[in-house]
Every structure is written in structure tokens, then in C-alpha cells.
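Enquirer: The opening residue of the sequence shown carries number 5 in the working numbering; numbering runs sequentially from there.
Calculated from the structure, these hints are not laboratory results.
Predicted, not measured: the structure shown is a model, and the values here were computed from it.
Note that the Cβ used here is the ideal one computed from N, Cα and C, for glycine as well.
A hint or two may mislead.
Stated by the list, open to error - The calculated DSS-like cross-link candidates involving lysine-lysine, where the alpha carbons are at most 25 Å apart (straight line), are: (1) K6 - K30; (2) K6 - K202; (3) K124 - K194; (4) K136 - K81; (5) K126 - K81; (6) K103 - K126; (7) K30 - K278; (8) K51 - K103.
As the list claims (entries may be wrong) - Restraint-style ranges between C-beta atoms, simulated for each label pair: (9) A271 - Q224: 33 to 43 Å; (10) D166 - L118: 17 to 27 Å; (11) K278 - G176: 35 to 45 Å.
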Amino acid sequence: MKFGINTYLFSSPFTNESVSFFPQFKAWGFDFVEIAVEDPADIDPEKVRRALDDSGLECRSVCAATGPGRDLRGTRKDQVTAIGYVEALVRIAPVLGSKLVAGPIYSAVGRAELVPDDQKRKQWELVAGNLKTLADFAAAHGVKLAIEPLNRYETDFINTCDQALRMIEDVGSDALQVHLDTFHMNLEEKDPALAIQKAGSRLGLLHASGSDRGTPGGDQINWDRIFAALDRIHYPGDIVIESFTPDVKVIAKAASIWRQVEPSREAIAVEGLKFLRSLAF
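With the hints as extra help, turn the sequences into a complete structure.
Expert: Here it is, written out as C-alpha cells:
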């Protein structure tokens, strides 16, 4: 089990200059970095890879940012844009050293509306078809895609592990996995630990975030049960701290972070990693 940090805690958008954070991430004890690539044009992946190597870090997952205009159930233009964006991440990932692209790649974050059942079925079929195209593309590049359920305020489309697993079954590709996040599970799952067990071998990534988007461990989530469930499924994968503060204005607005939930983002990183390692099996 390896522990990483998502770059959103310190940088948005991630650019070539953002590699300056890497030595500090290493000094804090992280094994790897999850790089949130909002715009592939913002980075030179070979330069970023050299900076990772120089810092003794890996990039084990690339985080997708699907904002407005990137939507597999949107207009034809939105669909084409989303497909092109995810394909670009799939090409970048191996250069960075990663074999995983993760996030809510199925729809634009923030699109949450009450949709009639017949329209929802049509959207579901549309997304499944588009994900099949992307899964085939990813498989050809040796990369997997992990789809992340989000809470009801950020999407109406996939909120739970059950829904993500159903989509994976409908697409029918081994290149698709589930990406679970403790913050979203705390809002949407009856039992987050049970959701992890349901995901089983399909769990490709776990984001660790406090129930208030703060430090893992300093919140109401039952972390003992989370790690017991990971142990039960013999989870061999990665755990990434993804928390936000008002310091990074772009992501703070997108994630509705209106106040300082922790003393500092450094505290989130250091104390969160210390806590998670204390539970690791």
C-alpha cells in the first residue's frame, strides 16, 4: 500500500512550475503524487517526469478534471471535447509513469439536475458507449480508467459504488475500475465500508478526505472500518489524500471551500499521512 498526495491541495492549475512542490512532498514522506491535469497543454510531461525522478517520487495516478464543456452525456461538442481530453490524459499518463487515469470522467462536475427516467436511461446508454470508446483506447495504451462517484450536489449521474459498478458491467471492459472517495461516500453510501467490499477487486483507487474536506482522521468518518474493509478485499492499491483549502482559489470555489477547515494545508498533508500510515496493514 502506497500513499500519495493530490496536487489540488497546493496547485490549480498544475503547470510545469508546480513541480517545485515535489521535494517537500517527498520530505513529508509521501510515496507518490497524484497529478491533477486540468489542461494537458499546461505541462511538459517529460519535464514533470524528470522532476519526479529527481525528487524520488512516482506519479501513480492522473486526476481528471471534467468541468463544463467536458461531458460524456452533454452536447455532441461536449462529448467530443471530453473524449479528446481523457484520451490526452491517457497518452500523458505513461510518460509520467502512471497506469491510471481517475475521476468523474463520465460527466461535467456540477451538473446536477432532476432528470426523468426515460431521459436518464438515454444518458446512461450514451455514457456507456462513450466510456467503451475510451476504455478501448486506454487498454491499447496500457492504462486503466477509474470512475469516481460524486455526491449529489456535484452530479446526479453516478453517486454510489453500486452505480459505478453497474456502469462498468454495462460497458464490459477490464480497463474500467472504481475510484472511491471517503468524502463522497460519507454523504452517499449507507455504509462506506460495505461499498469498499462491494467494489472488491474493481477498486482501483481510494481518495482519503475528512468528512469536512479536511484532514483524514480529524473527522467523523469511521476510519477503522474503512481500513478493515480494505484489508478484507486485500486491497493492493493506492490511497491519496485529496483535501482542499481556500489557499488555492480556483479549486476552493469549485469544491465550495468557504472557510479554513484546518490550520494549514501543510497540516492536512503531514497529519493526514501520519494518521493513514498508522492504520495501514
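Enquirer: Now look at each hint and say whether the structure bears it out.
Expert: Evaluation of the provided hints:
1. K6 - K30: holds (13 Å)
2. K6 - K202: holds (22 Å)
3. K124 - K194: holds (23 Å)
4. K136 - K81: holds (18 Å)
5. K126 - K81: Given pair K126, K81 holds - Cα atoms ~17 Å apart, limit 25 Å.
6. K103 - K126: Outside the cut-off at roughly 31 Å; violated.
7. K30 - K278: holds (14 Å)
8. K51 - K103: holds (18 Å)
9. A271 - Q224: 33 to 43 Å: violated (18 Å)
10. D166 - L118: 17 to 27 Å: Holds, at about 20 Å.
11. K278 - G176: 35 to 45 Å: holds (41 Å)
Violated hints for the displayed structure, listed by number in ascending order: 6 and 9.
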